[in-house]
Structure formats: structure tokens, C-alpha cells
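Starting from the known structure of chain A, arrange chain B on it as the hints suggest.
The listed protein sequences derive, respectively, from chains A and B. Numbering (this note's numbering) for the first sequence: 73 to 200. Numbering (this note's numbering) for the second sequence: 7 to 223.
Warning: the hint list may mix true and false statements.
Claimed, not checked - Below 30 Å or equal to it, Euclidean Cα-Cα: the simulated DSS-like pairs (lysine-lysine) are:
1) A:K137 <-> A:K97
2) A:K114 <-> A:K74
3) B:K101 <-> B:K76
4) A:K89 <-> B:K104
5) B:K93 <-> B:K128
6) A:K74 <-> A:K137
7) B:K30 <-> B:K76
8) B:K57 <-> B:K30
9) B:K57 <-> A:K167
10) A:K137 <-> B:K56
11) A:K74 <-> A:K97
12) B:K101 <-> B:K30
13) B:K57 <-> B:K93
14) A:K97 <-> B:K196
15) B:K56 <-> B:K96
16) B:K204 <-> A:K97
17) B:K76 <-> B:K128
18) A:K89 <-> B:K30
19) B:K93 <-> B:K104
20) A:K167 <-> B:K56
21) B:K56 <-> B:K30
What the hints assert, rightly or not - Quick list of the computed label-pair ranges, beta carbon to beta carbon:
22) A:E144 <-> B:A202: 39 to 47 Å
23) A:P143 <-> B:Q66: 48 to 56 Å
24) A:S115 <-> B:Q16: 43 to 51 Å
25) A:P82 <-> B:S75: 46 to 54 Å
26) A:A141 <-> B:P126: 53 to 61 Å
27) B:G43 <-> A:Q105: 31 to 39 Å
28) B:V147 <-> A:K74: 53 to 61 Å
29) A:K97 <-> B:K56: 53 to 61 Å
Hints were generated in silico from the structure; no laboratory data involved. Glycine is no exception: its CB is placed at the ideal position from the N, C-alpha and C atoms.
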Amino acid sequence: MKVLVAEDDPDIQVILKMVLTRLGKCDVAITYQGDQVVPMAKSNRPGLILLDVMLPEMSGFDICKALKADPETASIPIIFLTARSMPSEIQEAMKLGALGYLAKPFDPMALVGQINQILSPLGVSIGA
Amino acid sequence: MENTQLSFEQILNATVRMLRTTWKTRVCLFLQMDDQGQLQVRASDGLPLKKVSALAVNPQEDPYAACFSKNRIVEVDAAAPMGSLTKLLKPLLKKGQKFVLVPVSGETRVLGILFMGPYPRKARILPREAELRSAGALCAVLSAHWRLYQWMSNFMPQLNHDLRTPLTAVQGSIGMVLGGMFGQVGGDVKEMLEMAQKGCERTVRAIEVYINTQTPK
Chain A
73 MKVLVAEDDP DIQVILKMVL TRLGKCDVAI TYQGDQVVPM AKSNRPGLIL LDVMLPEMSG
133 FDICKALKAD PETASIPIIF LTARSMPSEI QEAMKLGALG YLAKPFDPMA LVGQINQILS
193 PLGVSIGA
Chain B
7 MENTQLSFEQ ILNATVRMLR TTWKTRVCLF LQMDDQGQLQ VRASDGLPLK KVSALAVNPQ
67 EDPYAACFSK NRIVEVDAAA PMGSLTKLLK PLLKKGQKFV LVPVSGETRV LGILFMGPYP
127 RKARILPREA ELRSAGALCA VLSAHWRLYQ WMSNFMPQLN HDLRTPLTAV QGSIGMVLGG
187 MFGQVGGDVK EMLEMAQKGC ERTVRAIEVY INTQTPK
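Isolated chain A (complex conformation) (with noise of 0.2 Å):
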């Protein structure tokens, strides 16, 4: 499966991409900048988007909203995974439309199975 991630710091983007290509078998796009998101997800079209709150140029809330709200990016599932972990802001993500949400610090070993799960009343998973 194509995921892109959405995540600005550096060392975290060289973990989720080891965990995600390594374990969950998924071909990685990452992006840094949030206004680069919703572009991102027309040319890639990605099975999954994973997507931190705090981002420069454009928040991820904004983000889930644009792409919730364009037809040929609304389908696709949305799971946050940030540090932003209030239940305020978990309320407001899954509001936007997001399928779910993950707060960071997250186990590596375990972050395969835990989208997985997310994933499930789709039908579709990573890893396989």
C-alpha cells in the first residue's frame, strides 16, 4: 500500500519509514510542509495518510478538512499521529473526518498493528 506521511521532524520521519516500509510492507512518501499534503495525495494518491497536527505552512487540521473536503482525495483514510494528544484535539480530528488517531510517543513494533486495527472496518491492512 502507498502511505503518505506527513511529519516535520526528522528523526521521527526516519523511524516511521523504517517501521512502515520494514514491517508494514508499504511504499513511503513523506513530506515535511503542510501546504505540500493535499498536492501530495492528488499525484500519489496514497492508500493512507499519516498526518501530524503541528506542521509548517499549514496545520493538520487544515489539512484533513481540504483533503475531507476535495472529492478526489475524501476517500482517503486519514489517521492522525501526533503529539497534540488532548482530548480537546483528539475530539476536533475525529470531527474533521480523520479514521483515527495516535499519540506519539508510539512503539515502533507495535505501530503496524495498531493502523491495522484503525483500518479494519475498511477492509484493508498493512504488513501483509
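What follows is chain B alone, placed relative to chain A:
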């Protein structure tokens, strides 16, 4: 159980309502200095807060300057221009009335203005200066708390984020090594990495307890 906890907005509005009743006037506004150096209406009784909360006035312009810059209680002829408040106040006014501006003073500077009126021009308000200043002091305390509350509301989620982000890299790297992604580790190395991982987990729990539970709701 019913949630009886009041927000700062509700407390400030209840305070200006109490002041308006005590001082027998139609309008009582609390104008607080904002980050842009403008006086913004933060609490209102007698005028709809929704309408006035968007309004700001310049503390360096008359009639506010005399009160704000000199920390003085000022009486203002109601016919005088009041900046962006003029239009809203006009329908309430009769000829020969005045407003009273009371400085809301902190320890070292004026934080805002209490705006009360209209009163008949002959009403003797100034002789009650001590009472008016006490009313201003009450608003100053609430204003300071509100600023602290706002600061905490922004600071705590930011701190939460800034602590969790580097922890993700630390815990993630250790987790991958211990998980065998780069080959098996054993013996002392494994023991040391497990100790580091436990330390990360304890830090995360501490963040949960101290930050998530202390952030203003």
C-alpha cells in the same frame, strides 16, 4: 452531578453585572489591554457581549488616555466620542449625562478600564473614589487570572507536544533495536536499553499526569 464550574468569561460577566447593579447604572463594561496594545471589551452588562466583544479602543486616545495613562478616574461627557463604542452607546444616552472610566490597576501598571454609565451629569460619583478603585481592583485580579488561564491554555499543549516529540525519537529508536529490527541484542546491552525504555515510559506517564490533567479545560 451537574457541572457548576464557571468559566472566566462567566465570572467576569457576573462581576460586571454585580458592579452595574451596585452602581445603579445601565451599562458596565470591562475593557482589558490585549496583546496588540488595544483595550478590548472582555465583559459586559447592559450591552450584548457578542456585539461589544469584537470592539477595541485605543488607550492612548481620548477619553481613555486620561484614565489609562494617568491612572485616574475620569468623568466623560456622554456626548463625547468614545471610539468604536460610540455607535452602540448613542441610543442609551440622554442629554446631560456622563460616563465614568475607572482604571483597573495592577501592581505596576494599568491593565484595563471599567466603563460605567450613563449617569446624570450632577451625580456625585468621584467622592466615592475608594469604592470605585476597589471595583477596579477586583477586575484587575480577575484580569490577571484570565491572562494566566489563557497563557496556561496555550502553554500546556505546547509543552506536551515539545516533550513528546523528542521522546518519540528516543523511545522509537530503542524500541526498534529491542524489537530486533537490526538483529538480536542480548546481555548487558539489552538490559541497558530496557532500562532506558522504562525511563521513557515513566516520563510519558508523568507527562500524562502533570500536563494533561493540569491544562485548563
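Practice item. Run the structure past the numbered hints and jot down the numbers of the failing ones, going up. Key: Failing hints, ascending: 4 and 18.
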